[in-house]
Amino acid sequence: MPWSRSLDVTFRPDMSNGAPVPFELRRDTSALIVVDMQNDFVRVGAPLEVPDARETIEVNQELLAWFRERKRPVVFTRFVAGPEPTLMWKWSEVIAPPTCCCWPGFMRSYGDVEGERECIAVIDELEPRPGEHQLDKYGYNAFHRTRLTDLLNAGNVDTVLISGTVTQICVEDTARGAFHEGFQAAVVADAVSSYAPELHRASLQTLAMKYGRVVNAQDALAEMA
25 MPWSRSLDVT FRPDMSNGAP VPFELRRDTS ALIVVDMQND FVRVGAPLEV
75 PDARETIEVN QELLAWFRER KRPVVFTRFV AGPEPTLMWK WSEVIAPPTC
125 CCWPGFMRSY GDVEGERECI AVIDELEPRP GEHQLDKYGY NAFHRTRLTD
175 LLNAGNVDTV LISGTVTQIC VEDTARGAFH EGFQAAVVAD AVSSYAPELH
225 RASLQTLAMK YGRVVNAQDA LAEMA
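Count along the sequence shown from 1, add 24, and you get the number used in the working numbering.
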């Protein structure tokens, strides 16, 4: 069966087996983390292209609009690599020259936009606004060796909604990181994406089992209304 996002949009582990919802989403203590929606992941022909990420842009725009209107914290993460070799290069060869995926300052042309873009930049459609945090990370987990915990604590945040890409890598690792830092995490199923449908589903199921909630955007926003 070809992958349909509707299979994942309707995934509602909160309601499975009659299990109680582990925590409620409250707008006054929630923040949005948009994971790695960067040119080198989202744009056509990108070295680490996740085509399904483009299908989530509109939902991410809706989440951003909601949080911005209510002046709730928004954090964009950016995966950053190069120029010195690290263990990461062994797992993602496109990070190394000549491709230089996700190198700061490296400009690249893509198949769906005119002109060059900085490869680590957040895509134009979700461009961060002045005052919104852009957090650079050198691994998968946005909490690892970054100031993210301090940023959230300063905003009196106890719950994070997580969107972005890639579901089973940086999204999942960031959700796990939130759990280990003491934050309640809710992954927005229709706002995350992967290049591997089976891994996408398995990741959401794992997260819902032990690390947080998996919700749909409209359900989450309605709960926080």
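Heads up, some of the hints might be wrong.
[Stated by the list, open to error] Simulated crosslink set (DMTMM-like; lysine to aspartate or glutamate; CA at most 25 Å straight-line):
1) K95 / E48
2) K234 / E205
3) K114 / E73
Bear in mind the hints are in silico, worked out from the structure with no lab data behind them.
Inset, instruction - Measure nothing beyond the straight line between the CA atoms of K234 and E205; if it is 25 Å or shorter, mark the hint as holding. - result: Since the Cα atoms of K234 and E205 sit roughly 14 Å apart, the hinted pair holds (cutoff 25 Å).
Inset, instruction - Assess, step by step, whether the Cα of K114 is no farther than 25 Å from the Cα of E73, and give holds or violated. - result: With a Cα-Cα distance of about 18 Å, the restraint between K114 and E73 holds, given a limit of 25 Å.
Legend entry - Restraint check for K95 with E48, where alpha carbons must lie at most 25 Å apart: Cα-Cα ~20 Å, so holds.
In the structure shown, no violation is registered for any of the earlier numbered hints.
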